Structures are given as structure tokens and as C-alpha cells.
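Student: Residue numbers (the numbering used here), protein chains in the order written: chain A, 10 to 217; chain B, 256 to 543; chain C, 637 to 909.
In short, the hints are calculated from the structure, not lab data. Note that the coordinates shown come from a computational prediction; the quantities given were computed from them, not determined experimentally. Treat each hint with caution, since some may be false.
Facing chain B, according to a computed beta carbon distance under 10 angstroms, are these residues of chain A, among others [as the list claims (entries may be wrong)]: (1) G20; (2) A69; (3) A171; (4) V175; (5) A179; (6) T182; (7) L191; (8) V192.
Using 30 angstroms as the maximum straight-line C-alpha spacing, the simulated DSS-like pairs for lysine-lysine come out as follows [stated by the list, open to error]: (9) C:K791 to C:K778; (10) C:K869 to B:K533; (11) C:K664 to C:K689; (12) C:K810 to C:K689; (13) C:K869 to C:K689; (14) C:K760 to C:K810; (15) B:K533 to C:K749; (16) C:K760 to B:K472; (17) C:K760 to C:K770; (18) C:K868 to B:K472; (19) C:K749 to C:K791; (20) C:K778 to C:K664; (21) C:K791 to B:K472; (22) C:K689 to C:K791; (23) C:K778 to C:K749.
Some chain B residues flagged as far from chain C (calculated, every beta-carbon gap over 12 angstroms) [stated by the list, open to error]: (24) S266; (25) R269; (26) R278; (27) L318; (28) I345; (29) A364; (30) R384; (31) V389; (32) D446; (33) L468; (34) Y496; (35) Y508; (36) F529; (37) K533.
Yeah, the Cβ is synthetic: ideal placement off N, Cα and C, and Gly gets one too.
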Amino acid sequence: MLAYNSFGSGGIWSNLLYTIQNVYLGVALGLVAGYMLGLGMARAPRFRRFALTPVVILGAVPVLALQPFLSLWFGTSRLATNGLVIFYTALTVAGAVRFAAEAAEARYGDYAASLGMSSTRVTWSVVLPATVPPTLGVLRAATALGWGFQCIAEVLGGRVGAGRLVRTFADGTLTAGVIGVLVCVGVVAVITDAIIAMIGRWAVRWNE
Amino acid sequence: MSDVRQRSVASRGRATARRRVARVSASIVGTLLGWEVLSRLLGASKAGVQYIPGPDDVFRGFLAFAGYWPGGLGAEQTRTGGEKTAWGAILGIVYNGGFSLVRVLIGFAAGVIVGIGLGLIVSWSGTARSMFLVPANFARMMPLLAMLPLFGLWFGRREVGSYIFVAFAVAVLLFVVTINAVEGVSRYYLDYAASLGASRFRIYRSVVIPATLPELKAGLLLSAPFAWSAVIAVEIIGKEYGLGRVLNFALMYAATDIVAASGLVVVVLAVSSFFLMKRWLDRATRWA
Amino acid sequence: MEANSTTPLPGPGAPSGAASGPFAVDVKHVSKEFRLESGTVVHGIRDVSLQIKSGEFVCVIGPSGHGKSTLLNMIAGFLPPSAGTIEVFGRPVERPGPDRGVVFQRDTLFLWKTVEENIAFGLKARGVPADERKRIVQELLKTIGLEDFARAWPKQLSGGMRRRVAIAAVFANKPDVLLMDEPFVGLDYFRLSQMHDVLLDLWQESGNRAVFMVTHDVDEALTLADRIVLIKKGRLALDVPVDLPRPRSTEMITGPHANDIRRRVLEAFTQND
Numbered sequence: 010m011l012a013y014n015s016f017g018s019g020g021i022w023s024n025l026l027y028t029i030q031n032v033y034l035g036v037a038l039g040l041v042a043g044y045m046l047g048l049g050m051a052r053a054p055r056f057r058r059f060a061l062t063p064v065v066i067l068g069a070v071p072v073l074a075l076q077p078f079l080s081l082w083f084g085t086s087r088l089a090t091n092g093l094v095i096f097y098t099a100l101t102v103a104g105a106v107r108f109a110a111e112a113a114e115a116r117y118g119d120y121a122a123s124l125g126m127s128s129t130r131v132t133w134s135v136v137l138p139a140t141v142p143p144t145l146g147v148l149r150a151a152t153a154l155g156w157g158f159q160c161i162a163e164v165l166g167g168r169v170g171a172g173r174l175v176r177t178f179a180d181g182t183l184t185a186g187v188i189g190v191l192v193c194v195g196v197v198a199v200i201t202d203a204i205i206a207m208i209g210r211w212a213v214r215w216n217e
Numbered sequence: 256m257s258d259v260r261q262r263s264v265a266s267r268g269r270a271t272a273r274r275r276v277a278r279v280s281a282s283i284v285g286t287l288l289g290w291e292v293l294s295r296l297l298g299a300s301k302a303g304v305q306y307i308p309g310p311d312d313v314f315r316g317f318l319a320f321a322g323y324w325p326g327g328l329g330a331e332q333t334r335t336g337g338e339k340t341a342w343g344a345i346l347g348i349v350y351n352g353g354f355s356l357v358r359v360l361i362g363f364a365a366g367v368i369v370g371i372g373l374g375l376i377v378s379w380s381g382t383a384r385s386m387f388l389v390p391a392n393f394a395r396m397m398p399l400l401a402m403l404p405l406f407g408l409w410f411g412r413r414e415v416g417s418y419i420f421v422a423f424a425v426a427v428l429l430f431v432v433t434i435n436a437v438e439g440v441s442r443y444y445l446d447y448a449a450s451l452g453a454s455r456f457r458i459y460r461s462v463v464i465p466a467t468l469p470e471l472k473a474g475l476l477l478s479a480p481f482a483w484s485a486v487i488a489v490e491i492i493g494k495e496y497g498l499g500r501v502l503n504f505a506l507m508y509a510a511t512d513i514v515a516a517s518g519l520v521v522v523v524l525a526v527s528s529f530f531l532m533k534r535w536l537d538r539a540t541r542w543a
Numbered sequence: 637m638e639a640n641s642t643t644p645l646p647g648p649g650a651p652s653g654a655a656s657g658p659f660a661v662d663v664k665h666v667s668k669e670f671r672l673e674s675g676t677v678v679h680g681i682r683d684v685s686l687q688i689k690s691g692e693f694v695c696v697i698g699p700s701g702h703g704k705s706t707l708l709n710m711i712a713g714f715l716p717p718s719a720g721t722i723e724v725f726g727r728p729v730e731r732p733g734p735d736r737g738v739v740f741q742r743d744t745l746f747l748w749k750t751v752e753e754n755i756a757f758g759l760k761a762r763g764v765p766a767d768e769r770k771r772i773v774q775e776l777l778k779t780i781g782l783e784d785f786a787r788a789w790p791k792q793l794s795g796g797m798r799r800r801v802a803i804a805a806v807f808a809n810k811p812d813v814l815l816m817d818e819p820f821v822g823l824d825y826f827r828l829s830q831m832h833d834v835l836l837d838l839w840q841e842s843g844n845r846a847v848f849m850v851t852h853d854v855d856e857a858l859t860l861a862d863r864i865v866l867i868k869k870g871r872l873a874l875d876v877p878v879d880l881p882r883p884r885s886t887e888m889i890t891g892p893h894a895n896d897i898r899r900r901v902l903e904a905f906t907q908n909d
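Chain A on its own, in the form it takes in the complex (with noise of 0.2 angstroms):
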């Protein structure tokens, strides 16, 4: 296994690098439109009513079935591989946080009101600060979980990264390549996982 990894050396960690960099860019934008939804659907009952149904829908839908159209609309650029990992971390990140920014509202709502904070002052100061240690879980599943669907997007139709790796290797039967590169990427997961949990721990230090 050693021997295939060293052989193409370059070619695998440039291939890696991409898959890599995709999934952080996936989840950093997912992250940031599940927040926006979230935090909207939890803040302006209007926006609840419009989006809750095609949310609660989505929710049910396997990611995978995406994948066709993003390869229809964006052929085989960035977007097509990397849009189930924005999709997926943005619905489930939005539940999150919908789901803490409500329970913060019942729990100090109140309080902010009483102190004669605006609903959008408390909206920054209040809920979003509250939200943070909830998502952090979710965000971490959803990123473990990012990684298989941006391979196997790799894998169904991309030109590079690890899942395209994968199918060459799998091609070729080159099992142990196959199960080296799933082995890299796993690894990196693992690291990626542990990252976002020391910058979670040191973001919630104020926490209880």
C-alpha cells in the first residue's frame, strides 16, 4: 500500500488537497446559509411560514438525489461536487440553530425586552451568542457525514479529488490504493473533527 502511495505521491496529496479544501469551503458556506435560515425562520414568523414546509421536506430528501441536477447546472466545475456538502450542512445547521435561537427567546427574551433591547439587537447579542454551543455538535456531524457525500460526488462524476482517486484506483482494482486513499481522507476527517472541537470549546468557554 506504502508503494502506491509514495508512487503517485504528488498526484494523490493535490487530489486529497482539493477534496479537502472543498469540504472546508462546503461546510464555512453551508455553515453561514444554515445560520441565515435559521436564524430568519426562528426571528420573522413570516419567513417561518414561507420556508417551513420546503425546509421540513428537504429534511427528508437523500442528499444524493441533488447530485444529478448539480451536475446539469455546473457540469463538472466546483459547485457540482461541492454543492451536497453546502446542502446538506446548511439544512441540518439551520435546524440547529433554529431550534436554540427559539429556546433562547423563551429563555431570555424577556429579560432583553425588559432591559429595552430592539428585536434586532437581541437577535445579535442575544440569541446568536446562544446558538453557538448547539450548532457545534451538529456542525461536526454534518461535517463527518460531508465528507462521504463529497467523495462519492467525486467519485460519481468528478475529474479530481479523492473519490476520483477512488474510481481509478477501483478501476484498476487496486484495492489497497482504494482503501488507502479512504484511509487518508478518514484521517484528515478525524483531524478536521478534532479542530472544530477545540475551536468550539474555546468559543463556548463562557458556557455552564
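Once you've looked at the hints, dock chains B and C against the given chain A.
Tutor: This is chains B and C only, laid out in the frame that chain A set:
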């Protein structure tokens, strides 16, 4: 309550229900119209690929399913020269959808039994649980779906390979969920049960396992669409019949309408099975 | 709540249990140390000796964090003592068991079981046959006044109702000793007196078992206990009998004898050693 008041309460209820039906149908019709307008507006790309297939395109796309029906029951196989009929299309949808559905059901069921079963067995012993905690979480970090080519190498094109792949993906997820759930059961429950004279086995059966149900439910709802993703991936890569195959071919020929149609079938099947399962699970945890 | 007994019972030493013979609870020179992560050793309990006779209702009072709950947990068998022994009717305490029923401060009712299933849990665990179980559960439901809620889920009940079910569930097992860790914290005075009535009814119906109840409320102790014990800084600081007949009226617990005890307890509380 007097008769008159009862009647007016009931008729008010009916009126509200009627209004709600009207509202929902209006929003459905509105969505369809808006969809059609959007699709026409965006048009097609330079390569002739329609950006967003409208409802009429999707409708046409459904006919393509007739091409995936192996013939019989009144609709001839189109590959050998038969015509594409609406009846054939329906048969095609049911046939391919059925293949996918069966793969999902078998894989999911197997995954649930293995994942939760093994999780519960391992969690019986506190030492075993802590031993498995780290490797289990590591396994979850692996790109589960991307292991598909691996399974392809191991099982070739045999049907059992697809069942095992789906079961594997679901089992890993549920195994981790189960272990974490058992770990999270409050020790006050355990102390209390012991002080009532319950044996270790009874505590596990009547206290620990029910206490984990809400968390297990969340895990199951997460793995159901995941199982569908796994089946589609399997079918895209190489099965003769199934929704994934239809999707794949449509993609290869950039036939947006067929992609939309088959995508829609997948979504309908996945979403309805999801909500059915959710109903049942909600009932099982209605005490939470 | 109707009072089930019309004749006031005498103070400590109720009729059940032998006058001589082993104590219901015998705590002999028990100490408990906790080693913190930083390495420092904290003394939870220092050399406490305490005997509770069968049928005695003992209330344990003391400042927070001074060891009351630690002592309770050791008698229950959840924590081993660092030194000393604890015996219940002559049997050494090693692990939790049905002879020592515990009512926790937090709600530990099984949410996935109905009220009657919760009450029957201990009975079922010990193999009591179904019709016998049903009879006992029915009786208890009647005493706590929740017959209509037999099939309800805990989440459908109010906090006070759940507390009643929790106490009944423990009484169902007829433990030799009943251990309660601040079971009535947070209830308003009206509900509190209801709870006290329920508790005393259950206690008397079950034959007056030994009770070890941790509380921070002196009035509560005066209402319920045969004996009040004060634990301060991990040591036994006071041990006074409460010589008042039951049932105890408000007049009695604000009378001279009660006030005397109250004064002694408060003094011991605030005294600096």
C-alpha cells in the same frame, strides 16, 4: 353546550378547514405556475440543456420511463422497437421504483438490526463501550458513501453487494448513535432502578434501552434518506434496473426532463417513506 | 387529603420492629474523602456515627455541601465509605438494594412507563405476581389520590403529582429504610403540607419504617420527624428528639417545645467552631 352553539362551532371548524384547503391548493397552483414561468424565462444553455425543466418538461420526461420496462403486461420493450406509451411509462416507474425501494428496505432493515443490535450488545459492558467509542467515531468520519467502489471490487455486480453496502452505511451510523445514546443515559435512572431491586439485565432492558429511544429515533430519521442516497449511488454505478440507472442515463444524455422526472420519483418515494417511519417513531416515543 | 389515623401516635419508637435487636440503620465511624483532580483531598464526612431505630423518622438538616447527601448516598449504597461501616438490620451495605428505597431530589420517574407501571416497577423486578402487584398499586394510588391517572405518562403530570408517584413507587417495595434527599424542594407551602400528609399516610400505612430524610427546612423537619440531626462540616453537630404527638398541628410546631428545638438548630447552624 346547546345544540345551536355546537352546530356553529362545527360549521366554523368546517369553514376553517375549507379555507385551509383553498390556501394550500392556491399555493400549489401558484408554485407550479411560478415554476413554469421561471423555466421558460431561464431557457436553455448553449448546449441546449434546459436550465430548469418546467412542469410540462417533467411530464414529458415521465414517458421516458417506458424505455425501462422489460416488456409484458401490455407494453412492449422499447429497445426492441416497441412504442413508448403512458401505460408503459407507469409500469416503468413502478418497476424501477420498486427495485430501488426493495434495495432500500432490505439494506435499511439489515443496517438497523446490525447497527443497533451490535451497539446494544457492546454497550452492555461499560468497558466494552469505552473501548468502542473511539474507533466507532473514527469509522463515522470515514467517507462511508465513497466506499462504494470498494464494495464493487468485493462483490462485483451481485445484488447482495448492494444490500450489504447500504446495510453497512446505515449500520455504522446507527452503531455510533446507539453507543453514544447508552453512554448518555443519566446515572440517576440506574441508581434509582438498582435501589428498587432490579437486576442488571432488567435495568438494561427496562430502563437503559427505553431511555435511549429518543436519541435512536433521531439517528433513524437521519439514516433513512442516507440509505436512499446509498442505493442511488449503487444504481448509478451499475445496476440494470432502478431509479439510479434511469437518472444516470438521463445525465449522460443531458436530458433535463428525464432527470427531473426520475428525481421526482426518488424524492416522492424517499419523502413518503421518511414521513411514514417518522409517524411510527413519534408514536413509539410519545412519552418523551 | 384525609388523615388515615385518628389517634395520635406517640413519638419515637413506633410499634413495628423489635425493641431490642439490630438497628434499622447503624452508621459506625464513617468517613468519606473525595480526591479532586487538582490532588486536594476534601473531607465529605468525618467520623460520623448514627443509629436509627426501626420505625424512627429522622430528618437530617445542615448547610449545603456539608455532607448530608453524601451520607445518604453511602447508606443507599451508591458510594462506598472511605472508613467505617454501615449496616442495615445487621447486614452490611455494599450496593444499592430494595431494602433501602431512595427518593431523589430530581425527578427519576421513568418517562416511558405509565404511572402504574412506575409504581409497580420494583414489585415486578422482584417477581411479585401480577394480581398482587395490581392490588398494591391500586392501594397506593388511592392513598396518593391519583387513581384517575393510573395510565398517564409522567410528562402529563404536574411536578407535585410526579413527586407523589415517586414516593409511592418506593413505598411499594416496602423497604426497611426509606432514604429521601430533599424530596420537596421548591413546593409552595400549601402543596408542601399536602405532600407531608401524603408522606405520613404512606408511612403509617406501610407500618412506620425507618426514614432518613435530608432537608433544609426546619419547619418540615418539625412537622415530620421523630428526631432531628444536624450535619455541619461533615460532622454530627446536633441530635435532638422531637417529642410531639402526631398528627402535628400548626399550633404544635409553633409551640414552645418546637421553638426550643428550632432555636437550638439555628444556633448550631450559625455557630462558628
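Student: Next step is simple, just say for each hint if it's right about the structure.
Tutor: Hint by hint, here is what the structure shows:
1. With a cut of 10 angstroms, the hint placing G20 (chain A) at the interface with chain B is violated, because the nearest CB-to-CB distance is about 17 angstroms.
2. The restraint placing A69 (chain A) at the interface with chain B holds, with a minimum CB-CB distance near 4 angstroms, inside the 10 angstroms limit.
3. Given hint, A171 (chain A) at the interface with chain B, holds; its Cβ is 7 angstroms from that chain's nearest Cβ, closer than 10 angstroms.
4. For V175 (chain A), the shortest C-beta to C-beta distance to chain B is roughly 5 angstroms, which falls under 10 angstroms, so the interface hint holds.
5. The beta carbon of A179 (chain A) is positioned within 10 angstroms of a beta carbon in chain B (closest approach about 3 angstroms), and the interface hint is therefore held.
6. A distance limit of 10 angstroms between C-beta atoms decides the matter here; for T182 (chain A) the minimum to chain B is near 6 angstroms, and the interface restraint holds.
7. With a least beta-carbon distance of about 6 angstroms to chain B, the hint placing L191 (chain A) at the interface is held under the 10 angstroms criterion.
8. Using the Cβ-Cβ criterion of 10 angstroms, the hint placing V192 (chain A) at the interface with chain B is satisfied: the shortest such distance is roughly 8 angstroms.
9. For the hint linking K791 (chain C) to K778 (chain C), the alpha-carbon distance of about 20 angstroms falls within 30 angstroms, and the restraint holds.
10. Straight-line distance between C-alpha atoms of K869 (chain C) and K533 (chain B) comes to about 53 angstroms, which puts the hinted pair past the 30 angstroms bound.
11. Between K664 (chain C) and K689 (chain C) the CA atoms are separated by roughly 14 angstroms; this keeps the pair inside 30 angstroms, and the hint holds.
12. This hinted pair checks out: K810 (chain C) and K689 (chain C) have alpha carbons roughly 16 angstroms apart, not beyond 30 angstroms.
13. With a C-alpha separation of about 25 angstroms, the suggested pairing of K869 (chain C) with K689 (chain C) holds against the 30 angstroms cut-off.
14. Of the supplied pair hints, the one linking K760 (chain C) and K810 (chain C) holds, its CA atoms being roughly 13 angstroms apart against a limit of 30 angstroms.
15. A distance of roughly 21 angstroms separates the Cα atoms of K533 (chain B) and K749 (chain C); the hinted pair therefore holds under the 30 angstroms criterion.
16. Distance check on the hinted pair: K760 (chain C) and K472 (chain B) sit about 28 angstroms apart at the alpha-carbon level, within 30 angstroms; holds.
17. Taking the CA atoms of K760 (chain C) and K770 (chain C), the gap is near 10 angstroms; set against the 30 angstroms cutoff, the hint holds.
18. Among the hinted pairs, K868 (chain C) with K472 (chain B) is inconsistent with the structure: their alpha-carbon atoms are about 47 angstroms apart, more than 30 angstroms.
19. Distance restraint check for K749 (chain C) and K791 (chain C): the Cα-Cα separation of roughly 10 angstroms lies within the 30 angstroms cut-off, and the hinted pair is therefore satisfied.
20. Under the criterion of a C-alpha separation no larger than 30 angstroms, the hint pairing K778 (chain C) with K664 (chain C) is inconsistent with the structure, at around 39 angstroms.
21. A C-alpha spacing of about 19 angstroms is found between K791 (chain C) and K472 (chain B), which places the hinted pair at or below 30 angstroms, so the restraint holds.
22. Distance check on the hinted pair: K689 (chain C) and K791 (chain C) sit about 38 angstroms apart at the alpha-carbon level, beyond 30 angstroms; violated.
23. For the given pair, K778 (chain C) sits about 19 angstroms from K749 (chain C) by alpha-carbon distance, which is consistent with the 30 angstroms threshold.
24. Non-interface status of S266 (chain B) relative to chain C is upheld: no Cβ of that chain comes within 12 angstroms, the nearest being about 32 angstroms off.
25. Once the 12 angstroms rule is applied to beta carbons, R269 (chain B) is consistent with being away from chain C; the minimum gap is 30 angstroms.
26. At roughly 33 angstroms from the closest C-beta of chain C, the C-beta of R278 (chain B) stays outside 12 angstroms, upholding its exclusion from the interface.
27. Listed as outside the interface, L318 (chain B) is consistent with that label: its C-beta sits roughly 51 angstroms from the nearest C-beta of chain C, beyond the 12 angstroms cut-off.
28. With a closest Cβ-Cβ approach of about 44 angstroms to chain C, I345 (chain B) is found to remain outside the 12 angstroms limit, as its non-interface label requires.
29. No beta-carbon of chain C comes within 12 angstroms of the beta-carbon of A364 (chain B); the shortest separation is about 24 angstroms.
30. Distance check on R384 (chain B): its Cβ is at least 20 angstroms (rounded) from any Cβ of chain C, clearing the 12 angstroms threshold; non-interface status holds.
31. Remark: the non-interface label on V389 (chain B) is consistent with the geometry, its nearest Cβ contact in chain C lying 22 angstroms away (cut-off 12 angstroms).
32. Listed as outside the interface, D446 (chain B) is inconsistent with that label: its C-beta sits roughly 5 angstroms from the nearest C-beta of chain C, within the 12 angstroms cut-off.
33. Remark: the non-interface label on L468 (chain B) conflicts with the geometry, its nearest Cβ contact in chain C lying 7 angstroms away (cut-off 12 angstroms).
34. Against chain C, the non-interface label of Y496 (chain B) holds: every CB pair exceeds 12 angstroms, the least being about 43 angstroms.
35. At the 12 angstroms boundary, the C-beta of Y508 (chain B) stays outside the reach of chain C, the nearest C-beta of that chain being 53 angstroms off.
36. Every Cβ of chain C is farther than 12 angstroms from the Cβ of F529 (chain B); the closest lies at roughly 24 angstroms, confirming the non-interface assignment.
37. In this structure K533 (chain B) is separated from chain C by more than 12 angstroms, as the shortest Cβ-Cβ distance comes to about 18 angstroms.
The structure does not agree with the numbered hints 1, 10, 18, 20, 22, 32, 33 stated previously, though it agrees with the rest.
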